[in-house]
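Trainee: Sequence:
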Amino acid sequence: VDARACISYHTIESREPVPRELRAGLGAWVFGCDVCSEVCPWGARAPSLAERFGTHAALAQARAADWLQLTEPEFAQRFEGSALRRAGAAGLARNAAHALGSLEPDERDRAALLSVLDAHASELVRTAAAWALARRYRDDRGTLAALERAAVREPVDAARDDMRENFSSPGVAT
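Just so you know, the sequence shown maps onto residues 1 to 174 in the working numbering.
Worth flagging that the hints you see were computed from the coordinates, not collected in a lab.
Every value quoted in this text rests on a predicted model; they were computed, and no experiment measured them.
Don't take every hint at face value.
[Unchecked claim] Cβ pair distances, simulated, as ranges:
| hint | residue 1 | residue 2 | range |
| --- | --- | --- | --- |
| 1 | Arg-138 | Arg-45 | 41 to 47 Å |
| 2 | Ala-62 | Ser-14 | 19 to 25 Å |
| 3 | Phe-167 | Arg-45 | 45 to 51 Å |
| 4 | Arg-4 | Arg-86 | 17 to 23 Å |
| 5 | Pro-47 | Glu-107 | 39 to 45 Å |
| 6 | Ala-28 | Arg-4 | 20 to 26 Å |
| 7 | Ser-48 | Glu-148 | 44 to 50 Å |
For each residue, glycine too, the CB sits at the ideal point set by N, CA and C.
With the hints as constraints, model all of the structure from the sequences given.
Mentor: Below, the structure is given as structure tokens:
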């Protein structure tokens with residue numbers, strides 16, 4: 001197992017941008033992953049604990065787009081008692097943006113991504129939103145114009161470079 005490609009590490013522990021080459025592979029995973037447990041011969045024999053632990057109330061009717069703009073206090077309240085608190089509000093928003101880049105295009109999701117592209121306090125979230133928009137809404141002229149404006153005004157050099165790579169990277173649209 002290559003720990004550098006671990007979905008759980010990148011969606012829970014890391015406070016850095018997810019490497020570009022791994023983003024598409026995250027798919028719809030927003031927090032953690034069960035793949036290692038599912039493919040491990042030992043894990044395959046373990047009983048499922050899903051019924052025992054259930055689903056946290058904050059996840060029951062959740063949409064990834066709803067997590068993009070949570071403030072730290074809203075995040076702390078909504079996910080009280082949940083392991084999702086480990087990722088932090090910005091980490092969860094970054095992960096949600098990446099997931100939206102892997103889901104079927106949806107106008108509500110596009111609007112939410114455009115909103116955080118323009119206004120989120122974290123460059124991690126702005127960069128993830130730019131990647132998701134470039135990946136799923138590349139054919140929309142308004143989205144492309146918004147991405148270009150965001151890259152021009154992005155104050156963080158690494159985030160600006162990442163955003164600009166959306167225009168030169170053929171793999172972003174895969």
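Trainee: Against this structure, judge whether each hint is valid.
Mentor: Hints, verified against the model:
1. Between Arg-138 and Arg-45 the beta carbons are some 44 Å apart, a value that agrees with the proposed interval 41 to 47 Å.
2. Between Ala-62 and Ser-14 the beta carbon distance is about 22 Å. The supplied range of 19 to 25 Å therefore holds.
3. The hint said 45 to 51 Å for the Cβ distance between Phe-167 and Arg-45, and at roughly 48 Å that hint holds.
4. Range check, Arg-4 to Arg-86: Cβ separation about 19 Å, and the 17 to 23 Å hint holds.
5. At roughly 42 Å, the beta carbons of Pro-47 and Glu-107 sit within the given window of 39 to 45 Å.
6. The hint said 20 to 26 Å for the Cβ distance between Ala-28 and Arg-4, and at roughly 21 Å that hint holds.
7. Distance hint check: the CB atoms of Ser-48 and Glu-148 are about 47 Å apart, consistent with the given range 44 to 50 Å.
Comparing the model with each numbered hint stated earlier shows that all of them hold.
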